[in-house]
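Novice: Below are the chains, spelled out letter by letter.
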Amino acid sequence: MDFSELFKLSGLLGRFSPDGKCLASCVQYRLIIRDVNTLQILQLYTCLDQIQYIEWSSDSLFILCAMYKRGIVQVWSLEQPDWHCKIDEGSAGLVASCWSPDGRHILNTTEFHLRITVWSLCTKSVSYIKYPKACQQGIAFTKDGRYMAVAERRDCKDFVSLFVCSNWQLLRHFDTETQDLFGIEWAPNGCILAVWDTCLEYKILLYSLDGRLLSTYQAYEWSLGIKSIAWSPSSQFLAIGSYDEKIVYKEVEKSPSVETERFSFPPTRALASSVFSTQSKYDISQVPVSFQYIKPVADRANPKMGIGMLAFSPDNCFLATRNDNIPNAVWIWDIQKLKLFVVLEQLCAIQSFQWDPRQPRLAVCTGNSKVYLWSPAGCVSVQVPTEGDFQIVSLCWHPSGDSMALLSKDNFCVCYLEREEVK
Amino acid sequence: MGDWKTVAVPVLSSDSKNIFQYTSEKKISPPNMNAQVLRLPLPSSKSMHSFFSAFCTEENIEQSISYLNRELTTLGFPSIYAESKGKELNLISIINCMNELLVLQHKNLRAQEEVEMQHLKLGSDMDHLQNCYAKLKEQLELSKREIVGLQERDRQLQSKNRNLHQLLKNEKDEVQKLQNIISSRATQYNHDMKRKEREYNKLKERLHQLVMNKKDKKIAMEVLNYVGRADGKRGAWRTDKTEARNEEQMYKVLLNDYEQRQKQLLLENAELKKVLQQMKKEIISLLPPQKQKPKERCEDGPVLSDLEEDIGEFNKENMWELSCETVREQLTNSIRKQWRMLKNHVEKLDNQVSRVHSGALNDKDVISREDHELETEKLELEIQQCKEMIKTQQQLLQQQLMSPCDDDTTLLLQDCYLLEERERLQEEWRLFQEQKKNFEKERRSFTEAAIRLGLERKAFEEDRGAWLKQQFLSMSTDYKHSENVTTPSAFIGSKYLVQIILLQYAFSSFYL
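Chains as they are written, first to last, in my numbering: chain A, 692 to 1114; chain B, 5 to 516.
Excised from the complex, chain B in its bound form (with noise of 0.2 Å):
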């Protein structure tokens, strides 16, 4: 049993090397990529010697036998031995056996291929989700860039805004730096002004002095005569009386000027009254009647005849000579009232305009609201008498149709109608085939196309499978030495290429 024992090791792992040979070798089984899953294929016919030599040979039958009986009956299996100690073999329960292996191993095909379905599908949606981070990623790399870039310029701006403002205080404090300093110069100059001034002043007195104590005979007045005042009176001594005079004159001259003003605003003001007198007036009649309607304008009713009341007082005295207080101030009162009523009435004119402006509008719908109406009554009246029309027509037409008339005319009338008709339809009916066939060619040819095209693409995809199977064995020992990051589309492209071929693949052995 030694070199059993030893085959049975290395069995499986030469099996699992005879296994990935066939898969290589495979056409039409499905290709696996999954290493993990070890696949017993179905053997083919050529090398099936190979396969059964390698494990039962002439010399090692009976040992086999009992191998497999004991695997057999460890699975739950009946045994194969006709009796429990014989070595006759139940071909019967052998038979069984293996069809009941056979079972098994298709239903353990089945749930490897939906296991791989499943693994791919959820290999797919990994990749699809791992794709959706690292963009995600990317994009928030992208956004965190964005937002300190971002922060960045606010932070620059917010220290040139300090900048300035501090440029901005540093003006101002000069500014006032530069007024101080001014004041304290001026005063500085006026105290000194001051200073030298009265030291100037000390040198004229002390000049002054000198030139009055010279006595010099030259400061004199030479004239051949005397001249007359120009007014002719004489020279007058100043006394008190003079000085009392002087007081008096300028007062006088004071207070002529005063009234010259005082005059020339009285004559103003009574201009003015008169101006304004009138105005009210005019404004009065400007204003609409508003007698009859007391109860509407009850605020302006009472003002308007306590005007009307103070109109006629007014007329009846004598204004110029009227100028206090009281009066002055109902007159402008009286004028601001009756002009703020003015100003109303003209608004409610305004109002009225454009009120009447756009009632025109709506008279204007209302009218052809009516004359719609109309309209359509008139045309509600044509339709009847078409109609009826129509309905005479169609009676005379039937009556002619009907008309006992010679058959011949009849017929031949008849005929004439059926005829073109029947040869319209004629036309329609040769247009109409010759559109069916051609449609039928179309048909053909499309399915023609179609099928040509299946089969290419499954030729197509088988080389697509091979060459992505080496593919994905390159890129998965590639990947774990990270090298996504120079080549990360290539990467994510192949994959997904590779999934989409594997989708196809499926669909298509769907269909098939």
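Looking at chain A on its own, in the form it has when it is part of the complex (with noise of 0.2 Å):
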């Protein structure tokens, strides 16, 4: 495992290029776009105020930098360092930006979730979407970039439309019979839409492409609801978490009513862990064991309690999950057997973790300068080499899983893995 040394970044701003080329960063109002080999810097563009958001475009050839407090989204190309591109919303101001698929068009959602500003880079066609809902997840695209599902909200209700994405064209309209919609999402198949409720409603409900309802799932009344959810990469399976710390395994195609899984955290108990020491290193603990529970503030809104935290392999063999009442542990759970595989307990509250693209590998980072992988075969803790502090709050593979960025408040460091497992 290498490192690379510590360059500066500001406001968590590092991405890969989908292609795996370059790697962008942000300093304040700069971007850097450097070779991923060598970490040089191939392009260096300058923007008008600080940078919030970037982007890579699908295809890696432009890249979107997006400044909230004026408004402001710039357009940069790779191929040509001097073409450029500004998009002023003026006073309708910006509260978020993105690609879409095709990577021609850039969506800005205006402020107060006014509307959504399609702009369009080939023509000078402008499309406006009403009414959009102001919510964690509103915009979902198909994996395949064919369609775009709009989470909208007209007369206290709320509705779904389905663009195409080629032409812009409103391909169904439905409303959802949701309270208040909280988040919408694909399936890694595209053919259906999962739309999920407030937390004050345990609902979940199953669109088909065409606008029909597949089917509803919902688990409880009056207690909070879902906090989280997670596609299999097969689309069979659905995985949901809860407030109650409950993950609810869902095959999609059943009636609600049969073959549903629960899995529950059990706080003192796994079934195998690996703890981590002070000498950076992973040791295997004897069941039972006792986890670090913390009890939510009672009286607060949005406790951190539940299920905060989901994530599949993409072999479609594991799930990792964390329970924010417990957030040293990462629980990783073996699909196939529908059983705890794992449990990681760490020192420190994990800040992220995220499954390499390719294999059935987690890396976590727990705010500290050091980065732990995980697979079947075993797990270890790597401290990065470096002089200062460094906390790892975020961290990002590179798309063959061969790399990955290490992010912390104000540097990053890539970290190169050799192809063999790590044991």
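The set of hints was computed from the structure by calculation and includes no laboratory data.
Be careful, since some hints might not be right.
[Claimed, not checked] Lysine to any residue pairs mimicking SDA-like chemistry, simulated, CA-CA at most 20 Å apart:
#, chain 1, residue 1, chain 2, residue 2
1, B, K208, A, V855
2, A, K821, B, R210
3, B, K208, A, H804
4, A, K815, B, A224
5, B, K245, A, V855
6, B, K206, A, D871
7, B, K208, A, G784
8, B, K206, A, Y822
9, B, K200, A, E802
10, B, K206, A, C826
11, B, K245, A, H864
12, B, K382, B, E392
Using the hints, build the complex out of the two chains.
Specialist: Listed below in structure tokens is the structure:
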């Protein structure tokens, strides 16, 4: 495992390009494009204001930088460094900006979610989408980039609009049976859209591509509901993490009364666990193990409890979860056997984890200068060799799974992994 | 006659006093605790004179004689006068009367004794019953108290139970209430939220209008030059055709997905069918051949033949093509039937195995019995042989004994045999004599001891009788003052003691 030197970073904006050749990073108002292998600066762009968000286009030719304060989006080309594009929303304001799957349109969400403006880089046309829903995940694209689902709200009712991305034509528009839609997500096969309700209602609805309601799942009433969901890569199963520290693993085809597996987090029992010790290695401790359990403050909204993070491994074998009540542990479940496989207990709270895009390897970071890797063969903790303080808060994998970028508040470094599995 | 009359009444009373005095002086006559019975004890020789001087003096001889005569005649005795009005006394009649009186006296005494005995018995019985009654009363009291205690506890537990039920009901009611509150609050919040949202929407609309109206030139896109489309195509107008094409595209996507899934399911189905077929074949191979006994298993027979036919059919036809309902049902049904048969078969085998095990034990018994019989036979043979041997030996011995050998030797031999025996017998005789002497000694000592014991006991009981009499007197006065509550045991104890002693006295008097 090799580590690069530290480079400056701001706003945790470090992204690999989809083709895996470049790495983009921001320092205040500058955008720096580096080569992935040598980390040499390929391009350097200067924006008008502090960059808040960057995104690569799907063909890695363009990169957008959004500045929410000024309401400006600037697009840069990698082929032609002197090509420039600036989109100014003016008094409409800007809260979010993203690419369309074809890499030629930019969707800007104006302030107060008044509308979504679709700017085209090819033509002069501009499209508007009215009444977008102000929620966490209001826009979702299918994996193949053909369709876009937008959550809307009119007259105190939730709707979903499906657009064809090639010509932005409205395909379907239907209402959902939710009280207050919280998020939408496409299944990897692009035929099923999962729509779930706010945390006051435990309800998740599955809609087909043509707008039919396929199924509803409601586990119970009155208790706090869904916190996070994840689709399995095969689109056959859906993992729903809720505030009551349970995961419902549901088969999409079957009706809800049959075939749902519930994983609950037993706070004092674990089949096998690894405990991180001060000498920076993992120990296997015997069952039963007790975890540090945090009881959230009862009178605050959005309590830190329930399943906050859910991620499937790319081979559809494992599911990694984090219970916000036990923030120091990552629970890895074996999906094939529907059993708990391993629990990784760390000394500090887990900041983020991400699966390798190619193999069942999980990278975890907890806010210190170590990165932890787990695979079914074993797990390892690696100290990043740096001089100063380097608190890794986020990480992201290279699309090929050979390297990953470790991001902290002020710096980042790139970690290169060997091809063979880490033991 | 004056003083005679006056004497008549106090005579009795003085007699009674004398009686008590005499009884206290008496040592031989049995004690009498019953104060109500007046007795006329036999006067002792000492006080004879005093006794007689009280009734008859030298002055009133004739009066006393006539009084006696009157008394006797009233009692039915013949007159003591020789003649009816004479003053001469008929000695014979006097003596007869005296005799009669003595006999009467004896009879009365005996009767009295019997009555006293019965009285004692009854008294003791009554005491015993009173004791039992008191004990039972006590037990009854105790059990009543226990019952009361248990009832009290039961009542407490019941009240506790009721309280808990009440608490549970209260909790349930509270839960229900809270749920109702939650739901009502939720509806209220929803309503409020909707209201606020409408207001917010209005504001947004207003803002949007303002923003759009401003006609900000700033809201624009500055681009150096337009970029070509990603797929290289040109932009197209939005027409119905495009819409239709979109729909078509969407349905195509959906259909693709469904087809994919269906293919997968078909493959799965084919795999499973293959597996089932294999299982069926293997099950059939496992089952024992039952064709030879079609009668016993009439149920399975035709089924088996059917199945075999089915198998043949299936093997003939191409299975992958037949996926219709009936065929599928047939397959699953046949598998189920065969599985049941296999299960039965396995169970039968299990039974057989267990029977074989127990049968093995039976055989062992049988074998052991046979063995036993053989052994007994052998033993009998041996016994016979031994008997024969003994007989021969005896004969030989007799022959030897009776054999005409030297007289001396025979005599010697006889003597030898006899001497031993004689000595033995003498020894035993000596021992026996010793033992006899010992026994005699012991018996004598025992009898002496018994006699001593008897004497001692007598003396002791006399003492005890006197003491108890006193005790009894004191106790009888006390009893009326109801003191048995304070010292019941002592009273009972002493009563018991007295009874025991009285009984012992009675028995000893019988013996003596």
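Novice: State for each hint whether it applies.
Specialist: Against the structure, the hints come out as follows:
no.: 1; hint: B/K208 <-> A/V855; in the structure: 27 Å, violated
no.: 2; hint: A/K821 <-> B/R210; in the structure: 14 Å, holds
no.: 3; hint: B/K208 <-> A/H804; in the structure: 9 Å, holds
no.: 4; hint: A/K815 <-> B/A224; in the structure: 10 Å, holds
no.: 5; hint: B/K245 <-> A/V855; in the structure: 14 Å, holds
no.: 6; hint: B/K206 <-> A/D871; in the structure: 18 Å, holds
no.: 7; hint: B/K208 <-> A/G784; in the structure: 13 Å, holds
no.: 8; hint: B/K206 <-> A/Y822; in the structure: 12 Å, holds
no.: 9; hint: B/K200 <-> A/E802; in the structure: 18 Å, holds
no.: 10; hint: B/K206 <-> A/C826; in the structure: 19 Å, holds
no.: 11; hint: B/K245 <-> A/H864; in the structure: 19 Å, holds
no.: 12; hint: B/K382 <-> B/E392; in the structure: 15 Å, holds
In this structure, only the earlier hint numbered 1 is contradicted, and the remaining ones agree with it.
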